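Student: Chain by chain, the residues:
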Amino acid sequence: MKTAPFTIKSGGGASWAIRLVVAAALAGLALWIPTSASNGLIDSCITALTLMACAMALNLLLGYTGQISIGHSAFFGIGAYTTGVLVAKYGWSPFQTFAVAFVIAFVVGALVSLPALRIKGVYLALVTLALGLVFPQIIKWPKLEWLTGGARGLDKTGFRFTKDNPTYEIFGWNPWGTLRGENVKPFHYWIAMVIVIIVYLACRGVVKSRAGRSLVAIRDNETAAAVMGVNLAGTKALVFGLSAALCSLPGCLSAIRTGNVTPDSTNLTVAGSITFLIVMVVGGAGSLWGPIVGSVLYVFVTEITGDWSNTDSIPGILRPLFGWSNTPPGTGIFAVLLIVLMFVAPFGIVGMYRRLQARVVTVVPKPAGTGTIAAPAAAPVEA
Amino acid sequence: MELFLQRLFDGLSQGSVYSLIALGLVIIYRGTGHLNFAQGEMALFCTYVVYQCGEWGLPIGISLIIGMGVGFALGAVTEVTLIRPVAKKSQFAVFIVTLGLFQFLNWLDGAIWKDQPLPNSGVGSNQTSFPSLFPNKPTDFVNVFGAAIKLQSIGVFLLVLVLFGLLYLLFNYTKLGLAMNAVASNAESAKLVGIRTNMVLMVSWGLAAAIGALGGVVFAGINSNVNLGLMFTVFIYASAAATLGGFDSPGGAVLGGLIIGVIENMAAGYAEEWVGQELKVGVALVVILVVLLVKPSGLFGTAKVERV
Amino acid sequence: MTLLRTSGLRAGYGPVTVLHDLELEVNEGEIVVILGANGAGKTTTMRAISGTIPRQGTVELKGADITKLSPDNIVRQGVAQVPQGRGTFPELSVEDNLRAGAITRRDGTSKINADMERWYQQFPRLAERRGQRAGSLSGGEQQMLAIARALMSRPSLLLCDEPSLGLAPLITQELFAVIERLNKEEGLSVLLVEQNANLAMHMASRVYLLETGRIVAQGSAAELSADDSIRKAYLGF
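Residue numbers (my numbering), protein chains in the order written: chain A, 1 to 383; chain B, 1001 to 1308; chain C, 2001 to 2237.
Don't read these hints as lab results, they were simulated from the structure. Small disclaimer: the values here were computed from a predicted structure and weren't measured. Be careful, since some hints might not be right.
[What the hints assert, rightly or not] Derived EDC-like pairs: lysine to aspartate or glutamate, alpha-carbon spacing no greater than 16 Å straight-line:
id: 1; chain 1: C; residue 1: 2184; chain 2: C; residue 2: 2028
id: 2; chain 1: C; residue 1: 2062; chain 2: C; residue 2: 2028
id: 3; chain 1: B; residue 1: 1175; chain 2: C; residue 2: 2030
id: 4; chain 1: C; residue 1: 2184; chain 2: C; residue 2: 2065
id: 5; chain 1: C; residue 1: 2111; chain 2: C; residue 2: 2091
id: 6; chain 1: A; residue 1: 143; chain 2: B; residue 2: 1272
id: 7; chain 1: B; residue 1: 1175; chain 2: C; residue 2: 2028
id: 8; chain 1: A; residue 1: 185; chain 2: A; residue 2: 43
id: 9; chain 1: B; residue 1: 1114; chain 2: B; residue 2: 1055
id: 10; chain 1: B; residue 1: 1089; chain 2: A; residue 2: 220
id: 11; chain 1: A; residue 1: 143; chain 2: B; residue 2: 1273
id: 12; chain 1: B; residue 1: 1088; chain 2: B; residue 2: 1188
id: 13; chain 1: B; residue 1: 1295; chain 2: C; residue 2: 2180
id: 14; chain 1: B; residue 1: 1114; chain 2: A; residue 2: 307
[As the list claims (entries may be wrong)] Negatives, chain B to chain C, calculated, CB over 10 Å:
id: 15; residue: 1057
id: 16; residue: 1073
id: 17; residue: 1165
id: 18; residue: 1169
id: 19; residue: 1178
id: 20; residue: 1189
id: 21; residue: 1232
C-beta atoms are modelled at their ideal positions from N, C-alpha and C, and glycine is treated no differently.
Starting from the given sequences, assemble the full structure and let the hints guide the process.
Tutor: Next up, the structure:
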């Protein structure tokens, strides 16, 4: 086997240096955007961050336990409507609604996991699909209209700042511009960023822990996992609940950000579920960075091709390829990309990157026994 | 009484559409063990093709034949180019490919034909409504015990029965049918007996897509238009039908579709306050859940023992 | 007259080569037995001849090169295989299984039906169960069905992969008696691979010994029994 030209020791100096550089670059970018970028760009970033959180939440379920869900839009919707109803109808402050939505979504998710114990694979996909389809319909149900506002939805579900709200400065640095009125994009941006970080840390925490390895065991061979002592029901309920709860957080944000909730907005319908799934798979299922890469790419492509249904907006060379279309080609491009990836790189872009990286750099793992995963405590020997 | 009969026949008519799509799902599942997530969208594409033929002035009979032919080709090509190479990798990969196909076809329909319901005379269509296979003017109904039963409902129901009859003959009295059954039962042995399994797989997908096309055209006729979202809910109902009937039983698919159509209509009608139009789709969810939890192989399916 | 000949036959699964330059022959009217332990490559040999796995080298049937043919065409040339583990179509009826066996024939339904009746006479237990699902038959009955199904295509060469696997000795004896009878009365040529040496040797015209993908010995049953080392290693006495 050919050895790669470079070698890095896992946990060694070079590995840390690379991580530091990457982290610094990303942090710099993240901080720069809300202060200096255009409103349109900030908006796109918020969209990307929202999608990122959803895809990461789905990844926890699908990428790591192998349970297919095409119904995560329902959990997004639970988040959106919890915030919407509490703020619009009961005057709560938006921040207080996050925790409530989290709990509700967790419980619903755990409940959904119960039938999922006996239903597997594509059948589970069908059940979750049905769930995703039913959710908007429940919202529109006349008997619940007093609560949900029915098909019209609810208004005034976001923050409102008056001129008198102090703007917060940190050592002279004002990260969110002037807080006035309802449309405060930088503020929303930071909420989105915090949500993404929370979801990321939660996923990372689960994956890298002992529970995480149970997840992978369940994904690869359930029966063997059960025989080896993994508590199937409990673990599945926990993961489903967590995945649902994490997916509800970006839903809360969307209610705040747009200031209203309607049952037909994309992310609350099956179309949204499918988008989360596609973004996750294209980025790389089963990897922590996959959803990040996937969502950025998705928003990027969708933004650029946004008005390509108007032939004049398409750059000359690509005109014959897309000029005939009556609708923007974004979804079509991603659909083709998804199919092609299954042939070429089933583990998505991140998977492809890792394969290439393996050709360039060999990472030497730490010697056994020095890992950070806690070893079981040795029983004290009674003398 | 009249209301009951009316609802019954509406349900049978709607259920017939589910049966047709479910038949396609079952034929593919039997032959290859995969769920074709794109079944509804393949049917939709062919339905748009039929609409286009209508725009060009062709009578519905010819348009339908063309549409089903396009469906057959679409199914066959999909099997050979997209499914077969990926099936070797994993079930998940096949699922994702059919999901991608679902997205792509839906986008393609909008890209070619615009994303509004068609026909839309305001945008210059030649037709005023989507052509129906059966007479469907308001005056086309028969009186049965005082209930006005649309000719279209009867026609659609009979169509499904006839199609099922043809499929029955195919599977039980022809060499092709025997080959399809053999491949579905044991693909390795089928090769050893001299069956060209690749051809059989291709034909299975083609046949399933052609039947799906018929289902799409029938539904668009009932609906009087074709639009991008036409097949979303039909797909889940059809999946519920296939689940109820047993994913490897064509008879089960037909019966399942009819049953679900009737239940859905009855629930929406009689329990209007509680179910109504909004929660109709909940019927599908409930059916799928109950069947999968109580008897996963459905009414007529064969239970598979999973080997560890 | 040579019916089947392989030379330089190599086959395997992915990067693993199982068969190395196999040379063997079946003449018309012979029953040739390949003996070998687990993992020797018996099933691989069957698959290589039937064409269901990729192979290098040459396989000739009646002098014609069939190495490049697809499995369904090899059947049409007159080779039929009874796979390991019976390989019946479990959901199909006994009758449909037999019909499937005849699917490549073009000589008309009446001739096919006549053949079916013939095999029903040879295997009365199958006749009793003609409408039953093949999966509900006992192991021995399924094996009979698999053999009858293979014979429905009127092959000149019958390949049998471990027919005794999972069957009681009495049933195996019955099966081998049938194969012997078909060989003597109809001149059916048979290539049979087995682990169970005792029963198979009795009817063999010639025997090959297969060890990790190579032929290590060949000869008549008597010759091999006479060789002490072979007898001790393979025949257990």
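Student: Taking the hints in turn, state whether each one holds.
Tutor: To see whether the hints hold, each was checked on the structure:
Between residue 2184/C and residue 2028/C the alpha-carbon distance is near 11 Å, which keeps this suggested pair within the 16 Å criterion. Pair hint residue 2062/C plus residue 2028/C holds up; C-alpha atoms about 9 Å apart against a cutoff of 16 Å. At most 16 Å may separate the alpha-carbon atoms for a hinted pair to count; residue 1175/B and residue 2030/C exceed this at roughly 33 Å. Our distance criterion of 16 Å between C-alpha atoms is broken by residue 2184/C and residue 2065/C, whose separation comes to about 27 Å.
Between residue 2111/C and residue 2091/C, the direct Cα distance comes to roughly 25 Å. Violation of the 16 Å bound is thereby established for this hinted pair. Taking the CA atoms of residue 143/A and residue 1272/B, the gap is near 11 Å; set against the 16 Å cutoff, the hint holds. The suggested pairing of residue 1175/B with residue 2028/C is violated, with an alpha-carbon distance near 32 Å, which exceeds 16 Å. Annotation: proposed proximity of residue 185/A to residue 43/A holds, straight-line Cα distance about 7 Å (limit 16 Å).
Of the supplied pair hints, the one linking residue 1114/B and residue 1055/B holds, its CA atoms being roughly 14 Å apart against a limit of 16 Å. For the suggested pair residue 1089/B and residue 220/A, the alpha carbons sit about 15 Å apart, so the restraint of at most 16 Å is met. Distance restraint check for residue 143/A and residue 1273/B: the Cα-Cα separation of roughly 8 Å lies within the 16 Å cut-off, and the hinted pair is therefore satisfied. About 15 Å separates the Cα atoms of residue 1088/B and residue 1188/B, which keeps this hinted pair within 16 Å; it holds.
Distance check on the hinted pair: residue 1295/B and residue 2180/C sit about 47 Å apart at the alpha-carbon level, beyond 16 Å; violated. With a CA separation close to 14 Å, the supplied pair residue 1114/B and residue 307/A stays within the 16 Å bound. No Cβ of chain C comes within 10 Å of the Cβ of residue 1057/B; the nearest lies about 45 Å off, and the non-interface call holds. The beta carbon of residue 1073/B sits about 24 Å from the closest Cβ of chain C, which is more than 10 Å, so the claim that it is off the interface holds.
Its beta-carbon lying about 20 Å from the closest one in chain C, residue 1165/B satisfies the requirement of being farther than 10 Å from that chain. Distance check on residue 1169/B: its Cβ is at least 15 Å (rounded) from any Cβ of chain C, clearing the 10 Å threshold; non-interface status holds. Interface exclusion of residue 1178/B from chain C breaks down, the closest Cβ pair being 6 Å apart, not more than 10 Å. Its beta-carbon lying about 4 Å from the closest one in chain C, residue 1189/B breaks the requirement of being farther than 10 Å from that chain.
Interface exclusion of residue 1232/B from chain C stands, the closest Cβ pair being 33 Å apart, more than 10 Å.
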